[in-house]
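With the hints as constraints, model all of the structure from the sequences given.
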Amino acid sequence: MSEQINVPTMAQFMAQGKQPEVLFWVGCAGSFDDRAKKITKAFAKLLNNAGVEFAVLGTEEGCTGDPAKRAGNEFLFQMQAMMNIQVLNGYEIKKIVTTCPHCFNTLKNEYPQLGGSYEVMHHTQFLKSLLNEGKLKVEGGKFKGKRITFHDPCYLGRANNEYEAPRELLGKLEVELVEMKRCKSRGLCCGAGGAQMFKEPEPGDKDINIERTEEALETQPKIIAAGCPFCNTMMTDGVKNKEKEDEIEVMDVAEMIANAADL
Amino acid sequence: MQYLPNILFLLLLIAGIGYFTKNIRKVIRNIKIGQEIGEVDQKGKRWSNVLRIALGQSKMVVRPVSGLMHIIVYVGFVIINIEVLEIIIDGLFGTHRIFAVIGPAYDYLIASFEVLALLVLVAVAVFWIRRNIQRLKRFMSPEMKGWPQNDGNIILYFEVVLMLLFLTMNAADHSLQDMGAAHYSEAGMFPVSNHLLPLFSGLTEGTLVMIERIAWWMHIIGILVFLNYLYFSKHLHILLAFPNVYFGKLTPKGQLKNLESVTNEVKLMMDPSADPYAAPPEGAETPAKFGASDVMDLSRTQLLNAYTCTECGRCTSECPANQTGKKLSPRKIMMDTRDRLQEVGKNLDANKGEFKPDGKQLLDDYISREELWACTTCNACVEACPVSIDPLSIIMDMRQFLVMEQSAAPSELNVTMTNIENNAAPWPFNQMDRANWINEN
Ligand code: SF4
Ligand code: SF4
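Protein sequence lines, in the order shown, are assigned to chains A and B. Residues 1 to 263 (the numbering used here) are what the first sequence spells out, left to right. Residues 1 to 441 (the numbering used here) are what the second sequence spells out, left to right.
These are computed hints drawn from the structure, not numbers from a lab. The hints are all genuine.
Pairs of lysine-lysine residues, derived as DSSO-like cross-links and limited to a Cα-Cα distance of at most 27 Å, are as follows:
#1 B:249 with A:184
#2 A:184 with B:59
#3 A:240 with A:222
#4 B:257 with A:184
#5 A:172 with A:135
#6 A:181 with B:327
#7 A:181 with B:137
#8 A:95 with B:257
#9 A:206 with B:145
#10 B:137 with A:184
#11 B:267 with A:94
Derived DEER-like restraints, expressed as beta-carbon distance ranges:
#12 B:71 with A:137: 45 to 53 Å
#13 A:87 with B:153: 54 to 62 Å
#14 A:132 with B:44: 29 to 37 Å
#15 A:89 with B:140: 51 to 59 Å
#16 B:140 with A:115: 47 to 55 Å
By construction, the Cβ of each residue, glycine as well, lies at the ideal position given by its N, Cα and C atoms.
Okay, here's the thing in structure tokens:
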């Protein structure tokens, strides 16, 4: 994974008087979190590889405001939203793809009322559409026949009713997909949503990510596939807590596809 | 004297329905304590939800055992209501099995009631076992202690008594028909109560008539008592499920509503041409309060939710916080909201419709902060609820109150929010470094 990636910014496109097909919304985790940055890069490589003309906002991107809103700070949320909408509308953005289901949900559902209407896709949906258009080839490679379980991100699944796109991609990777007991619309949260990521959990008898990891481990997977940088962190921590990190990897679906293609 | 039973029946009916109506009006008044919800959109979609989710019970069958049993009791309830209609007409006009005029179809109608009655008895037995022998976890939560648990059982006993009275009435009637007793013309088919006939063999006509009449009266009185019990019980859902589903959320579950009052303020702040010292435009209302600390701050839909909640605990049993031993239980959020609303309602009754501050509120006195902060906003509770209740929306409104009115967020969240405010990320990284990942290896 050393090959140089080509990630232009909107400002650069603008300077050339051009408009990209799609804006890649990287998100805070994708920009700053070391683990999540790998997902960001894997996805950028897939975009490069499929010949998609895309751009990022770079330093002009700011937190969508999701954690602020869900912590109860509507004011801060709307400040963030308005600033982002100003930038997005300034660049006349029509279509956005993002690797974070929280950004996805907020941009897609909560921005339109504030004046920011875009076509917003989660990266698994976007990859699926590339696949359908024949721009992306997904082959099993090293994942063929591997036992894999998929953890549904709440903000992709229940929040926005998308359960199939990631599974379809995993299907193309020819993995042996084993579902957890609680999956799809009844999938258990990883414990990060609603700004929980940024605080200690309330007293209880277990952390939510441990409960979820235990459930994932019951399926005896080689890989726990995820579609959200926060789920990824939570599940990775869970696997470490169970001292299974040498046997089980937590990977984003995009990373798996990039990996299978040796990108 | 000949009309005494008819008059008695009429009075009973008026009393039963009258008291029920009085209480229902109270429910409606209490719901109206909540904030108005504005124009209701997408009426077609809403009606189709009522058909599918409320009438069609589509979400009940997610859990097959309880779902199936519930459908039996529900269909039993709806169909047997046709019988109640007949009882009412017979009672008022002194007729006997008036619907028998429809001919052979009546036989099948009665037969189907009987079969359903039997099935209901079986289902009720299963429900009772689940609550009292198996003691399913979701019926044993702390919020179920005391009245809620008894309430659940009382309803089951009601069902048993009503069904047994119905079958006894039919069996006695059938015996009388076989004897050729006057007034008891041949009508109906009794596949279930048939088996009770031996119990009555050898009884005189007079005794049988008495048994039949007692069962008949007790049955209708039982139904009227049950009707009036609803108001005091979680069982209001048999009526409120329908409007509740109608008013349910149609937008994606992940979409939380944006506060318009905040939007106006933010717009003003971001508009460089706005004069910060200008007086607010005419008619612009600054809201008295952000978020909710008591039931009057909640919307009418949320209050309707609270009355509709049937305390099944499907939400709580899917809640990640509750499953890992946190105090939060979405069912308790709904029960607390209803309890507080009832308290406020009583306050209104006692003070001629004027609310007299009682030094209590939903926040802290009913729902603790610890519960509110344990929520991951995962929507599992919303997804699980078979009658489209949204406990998450109440949690969010109350968090909003804590943060926007009281600055009472947990300290780590205050740090997070300060970071977002200062560097547009929840962590203390500089926004100027946001694109660094591109060139890192
Ligand atoms: S949204 Fe909150 S209350 Fe509802 S299930 Fe998830 S954590 Fe529990
Ligand atoms: S909110 Fe819905 S799921 Fe939860 S207890 Fe009430 S009726 Fe059941």
